[in-house]
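Peer 1: This is what each chain is made of:
2 protein chains.
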Amino acid sequence: MDNIKKLAHIFGATIRQMRSEVGLSQEEFAIRCHLHRTYIGSIERGEKNVTLETASKIAKALDINLSLIISRMETEYENYGDENDNH
Amino acid sequence: MDNIKKLAHIFGATIRQMRSEVGLSQEEFAIRCHLHRTYIGSIERGEKNVTLETASKIAKALDINLSLIISRMETEYENYGDENDNH
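These protein sequence lines are chains A and B, in that order.
Heads up: the first sequence begins at 56 in this note's numbering, then just goes up one per residue.
Heads up: the second sequence begins at 56 in this note's numbering, then just goes up one per residue.
Calculated from the structure, these hints are not laboratory results.
All of these numbers come straight from a predicted model, not from anything done at the bench.
Hints may be right or wrong, so weigh each one.
[Stated by the list, open to error] Here's a subset of chain A near chain B, in silico, CB distances under 8 Å, partners left out:
1. Leu79
2. Gln81
3. Glu102
4. Val105
5. Leu107
6. Ala110
7. Ser111
[As the list claims (entries may be wrong)] Below, computed lysine to any residue pairings styled on SDA-like, alpha-carbon distance capped at 20 Å:
8. A:Lys60 to B:Thr130
9. A:Lys112 to B:Lys60
10. A:Lys60 to B:Lys60
11. A:Lys115 to B:Thr130
12. B:Lys115 to A:Glu131
13. B:Lys112 to A:Leu90
14. A:Lys112 to B:Glu129
15. B:Lys60 to A:Leu90
[What the hints assert, rightly or not] Under 10 Å between C-beta atoms, here's a sample of chain B residues computed to sit facing chain A:
16. Leu62
17. Ala63
18. Phe66
19. Ala68
20. Ser75
21. Leu79
22. Ser80
23. Gln81
24. Leu90
25. Thr93
26. Asn104
27. Glu108
28. Asp118
29. Ile125
30. Arg127
31. Met128
A virtual CB, placed ideally from N, CA and C, is assigned to each residue, including glycine.
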């Protein structure tokens with residue numbers, strides 16, 4: 056997996072996890088984000104390379120700073136590398 | 056100015072500031088980012104709504120975590136609101 060796909064994948068996985076932690080369904084979350092449910096689904100599956108604007112909407116819907124999501128993503132990203140790659 | 060333009064504007068201003076702090080010209084910075092100089096210029100002027108992927112390339116070129124750029128941007132964003140808006 057190249058770095059770009061990895062980034063989208065980890066961002067999506069982080070968002071899915073954080074959404075679950077606050078007990079929101081994908082549909083409820085989509086409404087809060089002002090985004091379509093299928094779009095949220097594709098973000099969570101790591102299929103979208105989101106813009107800062109979209110990432111910011113997501114952060115707002117989760118009621119936290121975007122920097123905290125990115126920070127958590129970076130931690131996951133490091134671990135992800137260890138578990139799935141040989142480098 | 057709406058929130059989207061504001062975000063791009065503050066991101067660009069933050070990047071320009073951080074690039075200057077490490078003493079890189081726009082051209083040197085563009086090479087490090089693997090992006091075109093004119094594209095960096097438009098990002099710094101707040102004309103682009105960058106993707107997380109591009110933001111990540113920029114962070115790598117500055118040799119810091121993206122979360123730190125975003126965190127700094129969020130601080131600037133708050134101040135910016137105070138200086139330029141009435142709300």
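Peer 1: Take the hints in turn and mark each one as holding or not.
Peer 2: Hint check:
1. Checking Leu79 (chain A) against chain B by beta carbon gives a least distance of about 21 Å; that is not within 8 Å, so the hint is violated.
2. Because the closest C-beta pair between Gln81 (chain A) and chain B is about 20 Å apart, greater than 8 Å, the hint is violated.
3. Restraint check, Glu102 (chain A) versus chain B: the minimum CB separation of about 13 Å is more than 8 Å; hint violated.
4. The restraint placing Val105 (chain A) at the interface with chain B holds, with a minimum CB-CB distance near 6 Å, inside the 8 Å limit.
5. A least Cβ separation of about 6 Å between Leu107 (chain A) and chain B falls short of the 8 Å threshold, and the interface hint therefore holds.
6. A cut of 8 Å between beta carbons decides the hint on Ala110 (chain A): the least distance to chain B is about 6 Å, and the hint holds.
7. With a least beta-carbon distance of about 6 Å to chain B, the hint placing Ser111 (chain A) at the interface is held under the 8 Å criterion.
8. Taking the CA atoms of Lys60 (chain A) and Thr130 (chain B), the gap is near 29 Å; set against the 20 Å cutoff, the hint is violated.
9. Distance hint between Lys112 (chain A) and Lys60 (chain B) is fulfilled; the C-alpha atoms sit about 13 Å from each other, no more than 20 Å.
10. Annotation: proposed proximity of Lys60 (chain A) to Lys60 (chain B) is violated, straight-line Cα distance about 27 Å (limit 20 Å).
11. Restraint check: the Cα-Cα separation between Lys115 (chain A) and Thr130 (chain B) comes to about 16 Å, which is no more than 20 Å; the hinted pair holds.
12. Only pairs whose Cα atoms come within 20 Å are accepted, and Lys115 (chain B) paired with Glu131 (chain A) is accepted, the gap being roughly 17 Å.
13. Taking the CA atoms of Lys112 (chain B) and Leu90 (chain A), the gap is about 26 Å. The hint is violated against a cut of 20 Å.
14. Only pairs whose Cα atoms come within 20 Å are accepted, and Lys112 (chain A) paired with Glu129 (chain B) is accepted, the gap being roughly 14 Å.
15. The straight-line distance between the Cα atoms of Lys60 (chain B) and Leu90 (chain A) is roughly 18 Å, inside the 20 Å bound, and the hint therefore holds.
16. Proximity of Leu62 (chain B) to chain A holds as hinted, the smallest CB-CB distance being about 6 Å (cut-off 10 Å).
17. With its C-beta approaching chain A no nearer than about 8 Å, Ala63 (chain B) sits inside the 10 Å limit, and its interface hint holds.
18. Taken as an interface hint, Phe66 (chain B) checks out: its beta carbon lies about 6 Å from the nearest beta carbon of chain A, inside 10 Å.
19. Look at Ala68 (chain B): its Cβ only gets to about 13 Å from chain A, farther than 10 Å, so that hint breaks.
20. Of the supplied interface hints, the one on Ser75 (chain B) is violated, with its beta-carbon coming no nearer than about 21 Å to a beta-carbon of chain A, more than 10 Å.
21. Among the interface hints, the one on Leu79 (chain B) is violated; its C-beta lies about 21 Å from the nearest C-beta in chain A, farther than the 10 Å criterion.
22. A cut of 10 Å between beta carbons decides the hint on Ser80 (chain B): the least distance to chain A is about 24 Å, and the hint is violated.
23. Below 10 Å, beta-carbon pairs count as interface contacts, and Gln81 (chain B) has none with chain A, the closest being about 20 Å; its hint is therefore violated.
24. At about 14 Å, the closest approach between the beta carbon of Leu90 (chain B) and any beta carbon in chain A exceeds 10 Å, and the interface hint on this residue is violated.
25. Against a cut-off of 10 Å between C-beta atoms, the interface hint on Thr93 (chain B) is violated, since the closest Cβ of chain A lies about 19 Å away.
26. For the restraint placing Asn104 (chain B) at the interface with chain A, the shortest Cβ-Cβ distance is roughly 5 Å, inside the 10 Å limit, so the hint holds.
27. A hinted interface residue such as Glu108 (chain B) counts as satisfied when its beta carbon comes closer than 10 Å to some beta carbon of chain A; here the least separation is about 5 Å, so the hint holds.
28. About 14 Å separates the beta-carbon of Asp118 (chain B) from the nearest beta-carbon of chain A, more than 10 Å, and the hint is not met.
29. Annotation: interface hint on Ile125 (chain B) holds; nearest CB of chain A at approximately 4 Å, less than 10 Å.
30. Checking Arg127 (chain B) against chain A: minimum C-beta separation of about 8 Å stays under 10 Å; hint holds.
31. Hint status for Met128 (chain B) relative to chain A: holds, with the closest Cβ pair at about 8 Å, below 10 Å.
In summary, the numbered hints that this structure violates are 1, 2, 3, 8, 10, 13, 19, 20, 21, 22, 23, 24, 25, 28.
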